[in-house]
Amino acid sequence: MTQLRAMAPGSVGVKTIPTRELQPNPHNPRMLFDRDPLETLKNSIDKVGILVPLTVYWSRAEKTWVILDGQRRWMCAKALGLKTVPVNEVAEPTPVQNIVTMFQIHKLRADWELMPTALKLQVLMDALKEKRDKQLADLTGLDRAVVVRCKKLLSYPKKYQDMMLDPDPERRVKADFFIELNAVLRDRNVRRMTWFRPERFTSQMLKRYSKRRLKSVTDFRKVKQYINNAVKAGKTRVITQRLREFAEEPALPVEHLAIQAAAVSAKVHQITTAVTRLEVMLRHINAMDYYAEEALWSRLEALLQLIRVKLAEVERRSR
Amino acid sequence: MRNPGRRGGPRDTERFNGWVERFAGYHSHVSIARIERWLAQFTEDHRDLAARILDAVEFYRPDQLAGAYRSILGALPGWSRNAPQRQGRWRFVAFSIRSGESGDSMLATFRRANDLTGARFNELFAYKADLLKENLGPEDTVVFVDDFAGTGDQAINAWKEALGELLPRRPKAFLVLVVAVQQALRRIAEETPLMVRTFRHLRPRHNFFANECTYFSRAEKGTVLSYCRRAGKSNPQGYGSCGLLVVMAHRCPNNSLPILHGRSTAFRGLFPR
Numbered sequence: 001m002t003q004l005r006a007m008a009p010g011s012v013g014v015k016t017i018p019t020r021e022l023q024p025n026p027h028n029p030r031m032l033f034d035r036d037p038l039e040t041l042k043n044s045i046d047k048v049g050i051l052v053p054l055t056v057y058w059s060r061a062e063k064t065w066v067i068l069d070g071q072r073r074w075m076c077a078k079a080l081g082l083k084t085v086p087v088n089e090v091a092e093p094t095p096v097q098n099i100v101t102m103f104q105i106h107k108l109r110a111d112w113e114l115m116p117t118a119l120k121l122q123v124l125m126d127a128l129k130e131k132r133d134k135q136l137a138d139l140t141g142l143d144r145a146v147v148v149r150c151k152k153l154l155s156y157p158k159k160y161q162d163m164m165l166d167p168d169p170e171r172r173v174k175a176d177f178f179i180e181l182n183a184v185l186r187d188r189n190v191r192r193m194t195w196f197r198p199e200r201f202t203s204q205m206l207k208r209y210s211k212r213r214l215k216s217v218t219d220f221r222k223v224k225q226y227i228n229n230a231v232k233a234g235k236t237r238v239i240t241q242r243l244r245e246f247a248e249e250p251a252l253p254v255e256h257l258a259i260q261a262a263a264v265s266a267k268v269h270q271i272t273t274a275v276t277r278l279e280v281m282l283r284h285i286n287a288m289d290y291y292a293e294e295a296l297w298s299r300l301e302a303l304l305q306l307i308r309v310k311l312a313e314v315e316r317r318s319r
Numbered sequence: 320m321r322n323p324g325r326r327g328g329p330r331d332t333e334r335f336n337g338w339v340e341r342f343a344g345y346h347s348h349v350s351i352a353r354i355e356r357w358l359a360q361f362t363e364d365h366r367d368l369a370a371r372i373l374d375a376v377e378f379y380r381p382d383q384l385a386g387a388y389r390s391i392l393g394a395l396p397g398w399s400r401n402a403p404q405r406q407g408r409w410r411f412v413a414f415s416i417r418s419g420e421s422g423d424s425m426l427a428t429f430r431r432a433n434d435l436t437g438a439r440f441n442e443l444f445a446y447k448a449d450l451l452k453e454n455l456g457p458e459d460t461v462v463f464v465d466d467f468a469g470t471g472d473q474a475i476n477a478w479k480e481a482l483g484e485l486l487p488r489r490p491k492a493f494l495v496l497v498v499a500v501q502q503a504l505r506r507i508a509e510e511t512p513l514m515v516r517t518f519r520h521l522r523p524r525h526n527f528f529a530n531e532c533t534y535f536s537r538a539e540k541g542t543v544l545s546y547c548r549r550a551g552k553s554n555p556q557g558y559g560s561c562g563l564l565v566v567m568a569h570r571c572p573n574n575s576l577p578i579l580h581g582r583s584t585a586f587r588g589l590f591p592r
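Taken in order, these protein sequences are the chains called A and B. Heads up, the first sequence is in this note's numbering, so the first residue is 1 and it goes up one at a time. Heads up, the second sequence is in this note's numbering, so the first residue is 320 and it goes up one at a time.
Note that these hints are calculated values from the structure, not bench results. Bear in mind the structure is a predicted one, so any value in this text is a computation, not a measurement. Be a bit skeptical, because a hint or two may be false.
Claimed, not checked - Capping the alpha-carbon separation at 25 Å, the derived lysine to any residue pairs in SDA-like fashion look like this: (1) A:K78 to B:E510; (2) B:K452 to A:R60; (3) A:K211 to B:P591; (4) A:K83 to B:K552; (5) A:K129 to B:N454; (6) B:K479 to A:K134; (7) A:K158 to B:R431; (8) B:K540 to B:Q406; (9) A:K134 to B:W338; (10) A:K211 to B:K552.
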């Protein structure tokens, strides 16, 4: 043992277990860990030993020690050839306790597949009879947005959930596909369309996805936007037909849903909102309080000039 | 790999008909015209070699897949059609789902082959997404059904990325395959708790480019490699350098030679994927 290790305080109430008798926790989301932090930990353990005992439990079913917390320390111990590791033993957790602990301990990495996490969340939701996003986020330590995403995935039939679990990464359908599609499936205007069947529409979009006829899964946001714009512009009948065509013919681009009048209508709404906001602000200011604000007055003069030009273009007189 | 015909054998009607009959059932129909077009991609000097490659292809018809699944299930410990005689709970799960096809087609083949289509067997068939809440334990068995493993990459990654988390109480887990390469079997056994059961086990001599494959000379292998480079630049020896001559009726694995399945502008395989 190195001098530094010998200086580490002894542990009370802790025992040691042969390193090879430990098993990783099956609920530990991923076996992958970032290399550099692991290397740093390994160097530290090499110098001073494992200062914080691992938390383990004895699995009666598997007749083995299972790590609840400390897998990285264990991995480093194995790499260093340490024969034993210090552990604190706890009672075997229930599956729900185990899942919650794993969520709390392990931060969700952006590159992890989401479906296994969603399935564990389902176990918790069923066992605890808790469906509220905030409560689930507090319980698991997951971001609320992640909880929402998981619940969207769980809303799909199992056959689609399995597509996100496919062993072939090229064939696997990304969780983002189903998450982005969800907004269209739940759109109330879409759900009112008499031809619309959620499962059939999902299959049609999957076909489009597999034939690479979607530039990006965020195309579904455009779909929803085009639908919203069309409905606001009173073009519901047109968009209903266009969406059906889009669903049935994978070769049609997303732009097939763009209705010119609807696009204009959306722009009008945008400009009117901005003008109204400016109008309200100007009405409420006392001009004399801003007497010396040259930049402000210059901009307003320029805006006034621009408005006169635009009005003239549409043959309206500015009053 | 089948024993190919002798060098210089006639490419006559009988031979063509033999190919058409043997490859009948491939999802993209293999006709005489298509075989002729495939052979025409080789120079005249190399067509005899190409013909011998077709002779050597191992083709698995649907009835052979069914037969394989029947024999494998019958040998799994603890299995019985009769529920009271079965040991623990059993679940059959598709290992992979192809979204463009009828989904879990291998599982459907397995189910039909084993005469488990009755409604009373419905509970035995599950999705992967069901497994976690089923909470299967050491006394239970889950059987993943697929068709082929070349390198074992998919099985290993599948375990590490998802399946291990979905089976936390570690039931007995079998991976049932029709065909598997020896290196895949070894790697899966070393790196996962999955127990592989396979009908056909391919050894190094089934790798076209291996020294153990003595049906073709080194010069012939070099010639084929040059065509394979045209058909599939990224894996000219087949994915994982498996160099296989294996085709199944529903698909040609990408571990097989690219001249069989490739779709480049320079070369079109006879068995497109």
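Tested hints:
no.: 1; hint: A:K78 to B:E510; verdict: holds, 16 Å
no.: 2; hint: B:K452 to A:R60; verdict: holds, 20 Å
no.: 3; hint: A:K211 to B:P591; verdict: holds, 16 Å
no.: 4; hint: A:K83 to B:K552; verdict: violated, 48 Å
no.: 5; hint: A:K129 to B:N454; verdict: holds, 18 Å
no.: 6; hint: B:K479 to A:K134; verdict: violated, 30 Å
no.: 7; hint: A:K158 to B:R431; verdict: holds, 21 Å
no.: 8; hint: B:K540 to B:Q406; verdict: violated, 50 Å
no.: 9; hint: A:K134 to B:W338; verdict: violated, 63 Å
no.: 10; hint: A:K211 to B:K552; verdict: holds, 22 Å
Checked against the numbered hints given earlier, this structure breaks hints 4, 6, 8 and 9; the rest are met.
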